[in-house]
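J.: Residue numbers (this note's numbering), protein chains in the order written: chain R, 54 to 262; chain G, 54 to 262.
Note that these hints are calculated values from the structure, not bench results.
Errors might be hidden in some of the hints.
Note: identical chains are not told apart, hence a pair may lie in one copy or across any two.
To be verified - Below, computed lysine-lysine pairings styled on DSBU-like, alpha-carbon distance capped at 30 Å:
hint	residue 1	residue 2
1	Lys99	Lys61
2	Lys208	Lys61
3	Lys112	Lys65
4	Lys112	Lys158
5	Lys61	Lys154
6	Lys208	Lys65
7	Lys154	Lys65
This one's a predicted model, so the numbers in the text were calculated from it and none came from an experiment.
Number of protein chains: 2
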Amino acid sequence: MAYRETTKTITKKAEVRDNILLSARNLVLQGGFRLATVSAVAAEAKIATGTVYRYFPSKSELFSEVFRAATELEVNKVAEAIDIDAPFTQRLIAAVNCFSKRALKAPRLAWALIAEPVDPVVDADRLHYRQAYAEIFERLIEEGVKSGEVPPQNKCITAAALVGAMAESLVGPLSPSSHTATSSIDRDALINSIAQFCVQAVTGQETRL
Amino acid sequence: MAYRETTKTITKKAEVRDNILLSARNLVLQGGFRLATVSAVAAEAKIATGTVYRYFPSKSELFSEVFRAATELEVNKVAEAIDIDAPFTQRLIAAVNCFSKRALKAPRLAWALIAEPVDPVVDADRLHYRQAYAEIFERLIEEGVKSGEVPPQNKCITAAALVGAMAESLVGPLSPSSHTATSSIDRDALINSIAQFCVQAVTGQETRL
């Protein structure tokens, strides 16, 4: 009996926790971390503010978990996108397409993950997640060099530069204070420009997309 | 008499203010914003902690001013570096050299300016300063396209991507948690790799540096 009650309690706790995380993610999707105050998260989750704090001692810890879950999903999507049997250039373009299209489809979330001024704990998470992206590109470049498709180069530097280039070229278009609404951007032209920049940078071959 | 006393007071206040800013900058130079607590700044400036708060209502405001002054200097240095009568490629390489060499010479400061997890006010300043760099590159690219040295391209996207690539490829080497001491990095190889990436990205021409 005691055992079954414990299981029930554990399940219930996990449900409340997931509900808080999902509610926070929803708010970030709508308006970035700025909108996701603890009381707003509690309202969204239909629980008391105090209950949120029983599961997440601080807003930083809640944000950090939301950030890490959302980011892990994005990193995995990019890893999947390049996991195709195709020439180097097509795989790199697939990575840029995946990253940029997903960002422009959920611009507030992407802004929150990439650039929204937010507390230092999430900022530290951001450094880790950029590293996770860089590792995907390091493997891709290593394979490209091995197959002779790209010239020998320092894969760590190139990979980091690619991550920076991709993220930074979306910061302007994604910014909520941008003069251009994300919906009115010529997304294909934007994504092609970023992909062209990245392919040329790695291969040294003029590329028109 | 009243007038002269006022002038004296104003001068004195400006001196104390400058002293606080200089002390904060010194601490950031040594160990990033993490080291520059208000009490540490007060100790460095040889004044009481309360005095710091009379000039800067919050740590954020003090940090923000230190950040903006340091960054403005860096942006101006890069602007000067490309202000030479030389072909496009050499001017872009000069910009990368200037940015990277200065960063590797004062790695803690550069880390603080580029990537240190810090409070949201400084994070917001960071977005502005990246925009300031981007504007320098936009002008350079515009001139390169006009002179026919580089293919037509969206100067805003390319410029943002350059800023992202340059900053991100230094994040690893500058990181205080990096496994490699900044002093032992092969700086010339690192800077050449970044410059090569940038030149190839913009020109689409294979470049060996």
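J.: Take the hints in turn and mark each one as holding or not.
T.: Checked hints:
1. In this homomeric assembly, Lys99 and Lys61 come within 30 Å of each other (Cα to Cα) only inside a single copy, at 21 Å, whereas the closest approach across copies is 60 Å.
2. For the homomeric pair Lys208 and Lys61, neither the shortest alpha-carbon distance inside one copy (50 Å) nor that between copies (59 Å) is at most 30 Å.
3. Taking the shortest alpha-carbon separations for Lys112 and Lys65, only the intra-copy value of 22 Å comes in at or below 30 Å, while the best inter-copy value is 42 Å.
4. Taking the shortest Cα distances, Lys112 and Lys158 sit within 30 Å of each other inside one copy (26 Å), while across copies they are farther apart (37 Å).
5. For the homomeric pair Lys61 and Lys154, neither the shortest alpha-carbon distance inside one copy (41 Å) nor that between copies (60 Å) is at most 30 Å.
6. Neither within a single protomer nor between protomers do Lys208 and Lys65 lie at most 30 Å apart by alpha-carbon distance, with minima of 47 Å and 54 Å respectively.
7. In the homo-oligomer, the alpha carbons of Lys154 and Lys65 never lie at most 30 Å apart, since the shortest distance is 37 Å inside one protomer and 56 Å across protomers.
Of the numbered hints stated above, those contradicted by the structure are hints 2, 5, 6, 7, listed in ascending order.
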